[in-house]
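Protein chains: 2
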Amino acid sequence: MLYLQKNYNLDSEKHLTSLNKEDYLPHIAFDSVIFGFNGKDLKILVLEYQNTGLFALPGGFLGRNESLEEAVANGVKQRTGINNLYLEQFHTFSNPGRANPEAMKQILEMNGMNIKAHDWLLDRFISVAYYALINFEEVDPVPDALADSIDWYSLDKLPPLMMDHRKIVQKALDTLRDNLDRKLLGMNLLPEKFTMKELQNFYEGIYGEPLKRTAFQRRMLATNTLERHEKRYDGGAHKAPYLYSFKAPLKKK
Amino acid sequence: MLYLQKNYNLDSEKHLTSLNKEDYLPHIAFDSVIFGFNGKDLKILVLEYQNTGLFALPGGFLGRNESLEEAVANGVKQRTGINNLYLEQFHTFSNPGRANPEAMKQILEMNGMNIKAHDWLLDRFISVAYYALINFEEVDPVPDALADSIDWYSLDKLPPLMMDHRKIVQKALDTLRDNLDRKLLGMNLLPEKFTMKELQNFYEGIYGEPLKRTAFQRRMLATNTLERHEKRYDGGAHKAPYLYSFKAPLKKK
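One line per chain: the protein sequences are G and W, in this order.
Taking the numbering used here, the leading residue of the first sequence gets 1328, the next gets one more, and so forth.
Taking the numbering used here, the leading residue of the second sequence gets 1328, the next gets one more, and so forth.
There may be inaccurate statements among the hints.
When chains are identical, the list treats them as one kind, so a pair holds in a single copy or across two.
[Unchecked claim] Derived DSSO-like pairs (lysine-lysine); straight-line CA-CA distance at most 27 angstroms:
id : residue 1 : residue 2
1  : K1498     : K1443
2  : K1520     : K1404
3  : K1404     : K1484
4  : K1443     : K1558
5  : K1348     : K1498
6  : K1348     : K1443
7  : K1404     : K1348
8  : K1539     : K1432
9  : K1574     : K1539
10 : K1367     : K1484
11 : K1520     : K1443
12 : K1370     : K1520
13 : K1566     : K1484
Note that these hints are calculated values from the structure, not bench results.
Please construct the entire structure, taking both the sequences and the accompanying hints into account.
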């Protein structure tokens, strides 16, 4: 949940300056759920803080003169090393009990940061949450100075996450599923032309369960967002499946 | 954007206490877009502040020990007089330029509130925005102590709204349109059984434009969320339309 540049030296003054109370609005954080999908497996990007055993979503704080969109674009890049990631806001979490000052103290201590100078980090925060969906085979995340590691974890093998981060992941997943039809076009996770089977693989990956082929095909065609092209010939022509693409611009339902 | 109980006396100490800096988290507000629809016209609920000519969405602030959901449930009830309104969060607005301290000063002055004691209200705020959709013929909104009036305004006759409230309305409208199919069931704006024509009226009201009957019917039936019942007989039996209801529970697509 901290926002720090990778190339800051841990023992330098810069390090402390970067989480200076005066530079941020109090009580407002952001977190990001970065889904990775390679056509088969769905994973999530998780940071592990230095020597704490604490796992968390990449996040940060809102600068005094920043919009959330600016804070998130810069913060996620610095925490994960991933450039040009478009993240979409999906929910703001505000349970008064979501703070975990003990864990935050531990992170500060393990990074040699003065707790008193950073006591604003122990306060209550609301968190504005964002998500993105990318192909995890195409990026190479880099942990920032506060983290030991940054890694892709399968949904069913997530480590225990700090605070309410597991709940944030679940809400992101619900949102992703709800918006799947509308979001697909922008995600660039399918080739320009794809077969119905490839599209079905994608949905099955996100839903985490097998879908019936005929019902899936009927539903997809009813959305009126697909355009049918030539068949994909691979030798055995009698079994060649049709290729589809998304109609662009994707019409709102 | 202020949060005040209707039954507070304007000149009492209670009034000031209710916007006491110590009781709220700084920099965090909420606003609500309450859509009213009677089957034909779509309107929005807007407050006018006492003697200022300033119009705004009903809103408020986040109490130190409250979740946003609690703050919104209580705040909207107090500002509009409407009970048991379920509001759904849709976006958090954070442009650093969205504050309007001059307008806020004017509201404080016109309500006899000490500006210095309430200077935290002149700071920058992010606003977590919520929306609801109700039948405006079934509720009777009551302005709170800070407002001259609270009224339903048609979308094309909205008065100029404070700060970025017009942008918040537009985003709420976009969200409502995007979510219409999924939200319909819970909104109680249609009778339990309705004709395809009644359903079409509803969509046309929200989209603000006429839709083609045959295409509309085909699209609705393809969603697989409607159950067909007997015809509605009204004498001229040969023209009697079928009645439909929503399948419950509404399956996620």
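If any of the earlier hints don't hold here, list their numbers in rising order.
1, 2, 4, 5, 8, 11, 13
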